[in-house]
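For the record, the sequence lines run as chains C and R. Everything in the first sequence is counted per this note's numbering, starting at 207 for the first residue and increasing by one. Everything in the second sequence is counted per this note's numbering, starting at 240 for the first residue and increasing by one.
Careful: at least some of the hints might be erroneous.
[Said to hold, decoys possible] With a cut-off of at most 30 Å between alpha-carbon atoms, the simulated DSBU-like pairs for lysine-lysine come out as follows: (1) C:317 - R:289; (2) C:293 - C:317; (3) C:293 - R:279; (4) C:317 - C:242; (5) R:447 - C:332; (6) C:293 - R:447; (7) C:293 - C:242; (8) C:349 - C:332; (9) R:289 - C:242; (10) R:324 - C:293.
It is worth saying that the hints were derived from the structure and are not from the lab.
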Amino acid sequence: MSDNFAAVGLLLAFAVVLPIVVMAIVHLLAPHKPHKEKLIDLCGMDLEDHLEVVYQLSSLRGPQRLRIVARVERENPVINSVTQLWKGSDFLEREAFDMFGLQFRGHPNLKRIYMWDDFEGYPMRKDYVIESHEQRAVMRVRKEGE
Amino acid sequence: MIEGTQEYSLNMGPQHPSTHGVFRMVVHLDGEVVTNVEPKIGYLHRGLEKMAESRTYTQFIPYTDRLDYLAGPHNSLGYVQAVEKLMDIEVPERAEYLRVIFAELGRIASHLFMIASGSLDISGWTPWSYCVRDRERILDFFEMTAGNRMTPNYFRIGGVSHDVPDEFMPALESFLEDMPEMIEEYYGIFLGNEIAQSRMKSVGILPKELAENLLITGANLRASGVQYDVR
Chain C
207 MSDNFAAVGL LLAFAVVLPI VVMAIVHLLA PHKPHKEKLI DLCGMDLEDH
257 LEVVYQLSSL RGPQRLRIVA RVERENPVIN SVTQLWKGSD FLEREAFDMF
307 GLQFRGHPNL KRIYMWDDFE GYPMRKDYVI ESHEQRAVMR VRKEGE
Chain R
240 MIEGTQEYSL NMGPQHPSTH GVFRMVVHLD GEVVTNVEPK IGYLHRGLEK
290 MAESRTYTQF IPYTDRLDYL AGPHNSLGYV QAVEKLMDIE VPERAEYLRV
340 IFAELGRIAS HLFMIASGSL DISGWTPWSY CVRDRERILD FFEMTAGNRM
390 TPNYFRIGGV SHDVPDEFMP ALESFLEDMP EMIEEYYGIF LGNEIAQSRM
440 KSVGILPKEL AENLLITGAN LRASGVQYDV R
């Protein structure tokens with residue numbers, strides 16, 4: 207674990223290889239009141255060869271922060287949902303699903319949140335290439351007879 | 240004779256006079272009782288992270304102002320500080336001070352607008368005009384320095400774009416002198432107002448446990464009785 211562990215001031219950072227242990231870590235750090243460890247942000251990351259889910263935690267018991275990074279495969283991006291622990295992670299997980307295609311196992315309502323339902327692809331992935339702004343911002347040409 | 244009610248769903252928005260922005264809700268109703276609300280956000284999602292991929296680090300600074308247009312300098316500050324940390328750049332002391340001054344002015348402007356629109360939502364027009372009057376002075380500081388009023392685009396990687404003009408400091412001093420009196424005025428006209436109090440007290444209480452579980456932050460969390468402050 208020592209390679210994956212870095213302590214910078216009050217910020218603790220964990221790198222997790224097995225995605226299922228996120229909840230276990232939180233329970234380990236605060237066995238009686240896991241919800242007192244407050245999830246501040248949950249986001250996806252695309253590192254080309256694999257995807258990551260980053261959990262930013264803060265504590266209601268004092269000024270301390272914790273960052274958990276879970277690594278998931280690109281082909282099969284499945285990770286356990288933390289909605290049982292924090293109800294509020296519902297929307298955050300939906301955003302990560304919408305943008306990166308991360309599948310949260312056990313999420314009650316895993317639907318797209320920003321994009322419309324029949325949108326194809328996951329826009330924040332690195333392999334989702336859009337045309338450059340200059341190419342898209344062309345003026346519309348008037349058609350004959352309009 | 241009515242023999243019971245039928246549950247039905249109603250679409251509200253995306254353009255609706257009661258919302259501050261484009262936002263749609265699918266409201267499930269049983270008679271006049273709202274049983275469930277499905278919020279449909281995303282009408283204002285611009286995918287800034289994706290835009291950033293095709294911009295240089297300097298080119299992205301103006302976008303960060305627009306993340307919170309009521310306190311433009313804040314997100315700019317976070318962004319340029321992150322880039323400086325990665326590049327290991329040290330910022331001149333004067334620029335550090337100017338950044339703090341701008342971030343604080345942005346914060347005050349944002350708070351004033353919060354009080355203003357908060358009062359407007361419960362039909363208090365007078366506090367609105369008082370708060371916006373004083374916020375205007377802060378926007379004037381942004382304008383005289385950076386040219387823009389709400390999104391100043393003043394910070395740069397490694398400092399600020401240029402020094403403040405000569406008239407900035409005297410104007411700021413006179414603003415700070417007037418500040419205590421202004422706050423007293425807001426207390427008198429809005430928080431001490433009986434109508435405002437009766438409309439806000441004991442309304443929409445979020446229980447402590449639920450607020451913690453729903454990951455509420457900031458003033459809303461403290462209002463639920465949780466002693467939490469990121470500072």
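Inset, instruction - Report the numbers of all earlier hints that the structure fails to satisfy, in ascending order. - result: 5, 8, 9 and 10
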